[in-house]
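Participant: Spelled out from the first residue to the last, the chains are:
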Amino acid sequence: MKRGLRFSFRNADLPPLSCEFGTRRRRVLDLPLIAWLTVIWLLLWSTLTWANVITGLVVAVAVCLAFPLPRVDLGLRLHFWGILRLACYLLHDMYTSGVKVTRQIFFGLPHRAAVIGVPLRCRSDLMLAATAVAVSNVPGGSIIEVRRATATLFLHVLDADRPEELEAARRQVWRMEELTVRAFGTPDEIARVAEPPPPPQLAAGRPAP
Amino acid sequence: MTVWLQVVDTAGAVLLFLGAAICLLGVIGMLRLPDVLSRSHAATKPQTLGIILVLAGVALRLRSGMDLATLALIAFFQMLTGPVASHLVARSAYRTGQVDHEDLLFDELDEQLTDEK
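Chains as they are written, first to last, in my numbering: chain X, 13 to 221; chain Z, 10 to 126.
I should point out that these hints are in silico values taken from the structure, not numbers from a laboratory.
All values derive from a computational prediction rather than experimental measurement.
From the three backbone atoms N, C-alpha and C, an ideal C-beta is built for every residue, glycine too.
Errors might be hidden in some of the hints.
Unchecked claim - Taking beta-carbon pairs under 10 angstroms as the criterion, some of the chain X residues facing chain Z (in silico):
| id | residue |
| --- | --- |
| 1 | Cys-76 |
| 2 | Leu-77 |
| 3 | Phe-79 |
| 4 | Ser-109 |
| 5 | Ala-144 |
| 6 | Thr-198 |
| 7 | Ile-202 |
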């Protein structure tokens with residue numbers, strides 16, 4: 013096979029929906045990525061004309077060629093109802109989180125903060141990153157460290173001297189993980205988050221001194 | 010019809026005001042809270058809610074298809090990039106010793122980092 017252009021439906025080595033060209037220096041073009049970049053370009057111009065579509069495509073292809081991404085298996089699946097549920101929960105939680113942080117700022121002051129580690133059930137990089145982003149937008153804690161090897165998120169929790177707040181922050185992380193995986197995960201990962209979270213002696217922090 | 014337009018315009022103005030007020034509360038929180046990590050709570054969560062309310066208010070007043078999509082794009086990137094920025098600030102603050110460990114009730118990250126040394 014020494015042709016200039018190869019498509020993924022003929023060649024299982026390539027990522028889905030992409031094409032590869034060049035014989036010596038191979039470049040892979042990921043078609044969904046190009047489509048997404050073109051959509052962003054159109055939205056930034058705010059007008060749908062052929063000229064914009066064509067220049068958008070040219071720019072997207074140029075960006076993909078100039079900054080090639082490493083070839084990884086993302087393991088990304090899109091579940092429509094899962095995404096809808098995640099979006100609804102995110103909007104609702106962002107509202108409660110904004111209100112809660114505001115209340116803490118004005119009435120909750122002096123409280124002791126703490127850093128807790130919450131082990132996740134999924135190990136894939138994409139799910140870890142997506143869960144971390146989702147957790148940052150909801151009440152509970154803000155992320156200070158993500159440990160990839162053990163899939164653990166480390167959160168800073170504002171009022172840690174109340175045990176029920178700590179427990180709520182942990183449950184919130186596991187709930188966000190389940191929602192995220194049900195929106196984007198592979199069937200294997202969905203089966204994993206359907207199980208209960210890790211046992212409490214592993215997860216629970218030490219009692220307050 | 011004009012009644013509805015007025016209702017939508019008013020709702021947009023209310024949302025704009027609410028969003029701006031919530032952003033202001035976040036800034037006051039940044040001034041009131043004691044340390045970097047607590048301040049990053051105040052800097053991210055109310056701000057994201059505030060900017061989404063402002064965008065919703067703008068959307069109610071603009072009311073045209075392409076502009077709505079652009080606003081949705083702004084909200085999407087705000088929700089995606091805000092956490093990354095706050096994580097980087099918190100992480101570098103933690104690792105450069107800007108966090109007072111005496112103030113923390115307990116610290117499970119510190120134990121792991123010490124174990125690895």
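Participant: Now tell me if each hint is right for this structure.
Facilitator: Do the hints match the structure? See the list:
A least Cβ separation of about 19 angstroms between X:Cys-76 and chain Z goes past the 10 angstroms threshold, and the interface hint is therefore violated. This hint is violated: X:Leu-77 has a C-beta 23 angstroms from the nearest C-beta of chain Z, more than the 10 angstroms allowed. Residue-level restraint check for X:Phe-79 is violated (minimum Cβ-Cβ distance to chain Z is 18 angstroms; threshold 10 angstroms). Below 10 angstroms, beta-carbon pairs count as interface contacts, and X:Ser-109 has one with chain Z at about 5 angstroms; its hint therefore holds.
Evaluation of the X:Ala-144 hint against chain Z yields a held restraint, the C-beta minimum of about 7 angstroms falling below 10 angstroms. Annotation: X:Thr-198 was flagged as interfacial toward chain Z, and the flag is violated, the nearest CB pair being 22 angstroms apart, outside 10 angstroms. Among the interface hints, the one on X:Ile-202 is violated; its C-beta lies about 23 angstroms from the nearest C-beta in chain Z, farther than the 10 angstroms criterion.
Checked against the numbered hints above, the structure breaks hints 1, 2, 3, 6, 7 and satisfies the rest.
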